[in-house]
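The residues making up each chain are set out below.
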Amino acid sequence: MTVADGWETYADEQRERVGFFTDTSVCIGCKACEVACKEWNLVPDDGHVWTGNSYDNTGELSANTWRHVAFVEQEKPLLTNGDGGTGLRWLMESDVCKHCTHAACLDVCPTGSLFRTEFGTVVVQQDICNGCGYCVPACPFGVLDKRHLAPAPDLPAFAKEDGRVWKCTLCYDRLKGGHEPACAKACPTKSIQFGPLEELRERADARLAKLEAEGWNGAQLYGRDPEDGVGGFGAFFLLLDEPEVYGLPPDPIVTTRDLPEMWTNMLAAAGALVVGVAAAFVGGRS
Amino acid sequence: MPGLGTSFGRGGATTFQQDLQNADCIVIMGSNMAENHPVGFQWVMEARERGAKVIHVDPRFTRTSAMATKHVGIRAGSDIAFLGGIVNYILERDLYFREYVEHYTNAPVIIDEEFADTEELDGLFSGWDPEERKYDIESWMYEGMEVHGSGGESEQGFKPTKGEASGHGGHGGALSHGEPPSEDETMQHPRCVLQLLKKHYARYTPELVAETCGCSVEDFVEVCETLVANSGRERTSAFCYAVGWTQHTVGVQMIRACAVIQQLLGNIGRPGGGILALRGHASIQGSTDIPTLYNILPGYIPMPHAESYGDLDNYIEANTSPTGWWGHFRAYFVSLMKAYFGENANADNDFLFKSLPRIDDDNSAYWTVEQMLAGKVKGYIIAGENPAVGHANGKAHRLGLARLEWLVVRDVVEIESAAFWYDSPEVESGELKPEEIATEVFFLPAAAHTEKDGSFTNTQRLLQWHWQAVEPKDDCRSDLWFYFHLGRRIKQRLEESEEQRDKLIKALRWEYPTHSAIQEPDAEAVLQEVNGWEIASGKFLTGYPELKDDGSTLCGCWIYCGCFKDGINQTARKKPHWEQDGHVAPEWAWAWPANRRIIYNRASADPEGNPWSERKRYVWWDDGEEKWTGLDVPDFKEDKRPDYVPPDGAKAEDAIAGDHPFIMQADGRAWLYVPQGLEDGPLPTHYEPHESPFDNPLYSQRANPGRQQNQDLAEDPYNPVADEPGAEIYPYVVTTYRLTEHHTAGGMTRTVPYLAELQPEMFCEVHPDLAREVGLEHGGWATIYTSRSAIEARVMVTERVRPLKMKDGRTVHQVGLPYHWGSRGLVTGDSANDLAHMALDPNVHIQEVKAFTCGIRPGRRPRGPELPRFVAELRQQAHSRRDQDPRVEPEEARKTS
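As they're listed, the protein sequences go chains A and B.
Position 37, counted from 1, in the first sequence is what numbering that gives the first Met the number 0 calls 36; the numbers after and before it change by one each time, with no gaps.
Position 193, counted from 1, in the second sequence is what numbering that gives the first Met the number 0 calls 192; the numbers after and before it change by one each time, with no gaps.
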């Protein structure tokens, strides 16, 4: 399989790579994951805006929302044989940072704040992050985001805008203590499953086979494939429709994939330029 | 819960949530389980994963429907038509579980020949008294039996009572003998219960169901087929319901209708079967078991009435059932008095029975509000409730509060019910002026559950202990602290008093150890008293069979006896099911009664005591060991043989035969037909909601004749209904509900940022057709109005609330309203309950907020004094049209016997 960038450097301290398998076919949209995440990680309230977009008032992943449950109302039966009653379908999906095998955010971070943990996950170290924001456009999923809130408006020392980047840590602190992440712990229907990535992939394959045999409309794995544009997700999904339906990019590619080539091309161009200019001078003198 | 109590003997869920995984079919109706019980819903998902059918019947397509294998949309309030249709489907085709029905239910029992059905009397049963507006139930009895006084009818015969035939959730009525005198085992006698059922439901055809409920014939028949195919010896089906059934003027009868189906299909007392009553709060079951209700004492013991029961013997006799476990009523009652009064209660003074407070009227919440409005209530204590938001007709409540002398509110935050005098819609409109309100309001901050020890009794009768995590802040105190120290101080004040009225308080045992700086009483000491002990030895009792009627035992709630068995807090056991043998997990906490998880489980074996099938084995008779055994605590006398026949004159549980599993009932059977214990009929009958745009398709009697309604209370006017002129002003059906993200009236969730942000604003759910019809815009505002009030909400246009095709092709639109918002907290909004009326179910005095009528128009509501003016103008218009041609219902106009 593809090895997560940077993970192998842990040598003896390397731990089994872990992640999430989020099975949307059993998600009941209770948002316990959103709340548990915020409770554990002390993530602030993200504002009281009624969106009118079904029951989704969170909108998207952000610096202040590390789990986001999407709600999609559809005129499409649950099963291909038409079962499911009225023909309505209400898809719910708990989105999260994908903890990519090839993570562009890591590549572009100039301070080393973003790093690959011994569990193969991707974490921001807030005491190092300088808020440059390079990682924000680097993420193909729009997960990374700068916090524009003051951490403690009532305290003079913390009343300034935060400005740093925050995202899901896959509960790095809990992992170190031998606990599963808060969202998985709180999920009542095992829609969010935490575990060794290899094992989750096997479980997901079996689950997909079962749903396909039962004729579920549109069942597909998203981010499970280690050969995809980001080398597979550390947190991947079973969806019941195309990723776009949930607001996810259909074919994500690590944004830094072409960087080496771009640098080579650029260097070549620069070289040619130098040669050309030099030649012009030389030619001018002659 | 008289729906379950009268049918089976106990007012609690018959099964437990974990057992749903064993169901082959689960019908969720009157409940949005995925949204309101998401943790328990995992077992429904587990069942679905194992191949079970999950059917959701509901006016809306909710998160529960999204998980179901089948959703059927019906008109709010039409549930009995749907359920009665299932009964008819089963009976017409002889698809009932014959052996189960014959042996375990009262199907073969012959009913008095004076009994007349609604089919004969156009929607009324025999015994209707139009003046008193209630039934005389004498003609409903088993043939050859007299109505016997019982806990079940403790208030019967007292005037206007708006009272109880049943007690809140008690049990079936007592019978003077165990075995009914007249039976027909072939179940062919025209007056036997099975034949009465057939006749009663014969017109509930799939076509009638479709045009009453607004579903398709095909969908309805599919539900029937699925349910029948998944019931019987080899398979079982479960029903889950919640307040979507309870909160109707026919709420108790909706639950009864489900009980009839589950009896006919043989699904009670068996794994994967049962009726799961889902409760709306963490300890609502607990607050009926050890009640916060005015008409019962702990363990469903009826509160004595002022006009009855001269002495203890009289009271005991009237409430003791000669047969079944209620035969030991004296032991339960005397042990309770010993818990209250210790050595001050003894045989010589009738255990202080005569000094007990009595009820003399309806003292339920809504009636009390009416009394407040009339200026007859001086003081009011509100704890764990937010009536200004959570009760029907919030405006009437707020106006009532403003007429009190004093009000005490104990809550974790200053809820709307505490702030009504300066922050409420009536203050905004000028109808209430803070400077003119004489009510003295005391707000006492309460400790949260994390700040105190205690137990919750959950939806499945399971007592689960929780421990204090942090000390309560500042002046916040636990309820236990409040009531203990209040009692202590009152006792201190009365120490010198010689007044007769103070005697009882002076006699109270009021000794609980306290700890910590704030002198918090020891919650475990209270649980010990609830469990009870033998007074001489101080030995903890192991279960209610040990209770004595001579004052030698003490027990605070007989059904909880055993929760502190062996001196161990059984409710604090937390051994997970994966460390135990099987899903029953008896070492996780403690369930009443006697730690049984499925009650009536004798019914999981056939009359001879063998499992109905290998697949559905649960409790059975072990011939070698000569006792009942199985996966759960048998709900039967351990050594009573399946072929036991009670000798003549046998008393209490000895009068119950070995093949009769419903041991709390006087005849040991489940009751398809309830001769005694209900106010509004022995069989569930479809009636329209108090407010509905339709006539009753079955009878000229439109709504439940026994429903409680006011005649002319200015604060609670009704919308014109059905074909009455003026009804067109309120043409839509409205239903109210909860969302996962908030809890009931919102006091604990609108104040929490992580929950407030998830559902930040009041909204209404409407179908695109309705939006087009009245000009509503998605994301815009709507004003929803009734005769009571008008509120505003953001508009959510969605296919999930579908219009229904009714009789004659008429379309009915439904408006969905979550009811969580009020004027306080981080997120605020108008309260849906301000729209609702206070007509009630006659058995339990519960409001009908799941189905009433409204009008809706685009835009925000008028503000200030314009609001009441707007509501009044529409109401006057509607009422003046109605008054030209008012409808007279048979309930008022006709004598039937």
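Don't take each hint at face value.
[As the list claims (entries may be wrong)] No more than 30 Å apart at the CA atoms, straight line, and that leaves these computed lysine-lysine pairs for DSSO-like:
(1) B:Lys375 / B:Lys502
(2) A:Lys184 / B:Lys639
(3) B:Lys574 / A:Lys184
(4) B:Lys538 / B:Lys490
(5) B:Lys564 / B:Lys472
(6) B:Lys502 / B:Lys573
(7) A:Lys75 / B:Lys573
(8) B:Lys502 / B:Lys574
(9) B:Lys626 / B:Lys538
(10) B:Lys353 / B:Lys505
(11) A:Lys184 / A:Lys145
(12) A:Lys145 / A:Lys159
(13) A:Lys189 / B:Lys573
(14) A:Lys75 / A:Lys145
(15) B:Lys650 / B:Lys547
(16) A:Lys184 / B:Lys377
(17) A:Lys209 / A:Lys75
(18) B:Lys639 / B:Lys547
(19) A:Lys189 / B:Lys472
(20) A:Lys175 / B:Lys626
(21) B:Lys538 / B:Lys377
(22) B:Lys574 / B:Lys564
(23) B:Lys626 / B:Lys574
(24) B:Lys573 / A:Lys175
(25) A:Lys75 / B:Lys804
What the hints contain is simulated information worked out from the structure, not anything from laboratory work.
Values in this document were obtained by computation on a predicted structure and should not be read as measured data.
A quick look at each hint next to the structure:
no., hint, in the structure
1, B:Lys375 / B:Lys502, "holds (26 Å)"
2, A:Lys184 / B:Lys639, "violated (46 Å)"
3, B:Lys574 / A:Lys184, "holds (18 Å)"
4, B:Lys538 / B:Lys490, "holds (28 Å)"
5, B:Lys564 / B:Lys472, "violated (34 Å)"
6, B:Lys502 / B:Lys573, "violated (43 Å)"
7, A:Lys75 / B:Lys573, "violated (43 Å)"
8, B:Lys502 / B:Lys574, "violated (46 Å)"
9, B:Lys626 / B:Lys538, "holds (27 Å)"
10, B:Lys353 / B:Lys505, "holds (15 Å)"
11, A:Lys184 / A:Lys145, "holds (27 Å)"
12, A:Lys145 / A:Lys159, "holds (14 Å)"
13, A:Lys189 / B:Lys573, "holds (21 Å)"
14, A:Lys75 / A:Lys145, "violated (37 Å)"
15, B:Lys650 / B:Lys547, "holds (16 Å)"
16, A:Lys184 / B:Lys377, "violated (49 Å)"
17, A:Lys209 / A:Lys75, "holds (20 Å)"
18, B:Lys639 / B:Lys547, "holds (22 Å)"
19, A:Lys189 / B:Lys472, "violated (36 Å)"
20, A:Lys175 / B:Lys626, "violated (52 Å)"
21, B:Lys538 / B:Lys377, "violated (44 Å)"
22, B:Lys574 / B:Lys564, "holds (17 Å)"
23, B:Lys626 / B:Lys574, "holds (27 Å)"
24, B:Lys573 / A:Lys175, "holds (26 Å)"
25, A:Lys75 / B:Lys804, "holds (21 Å)"
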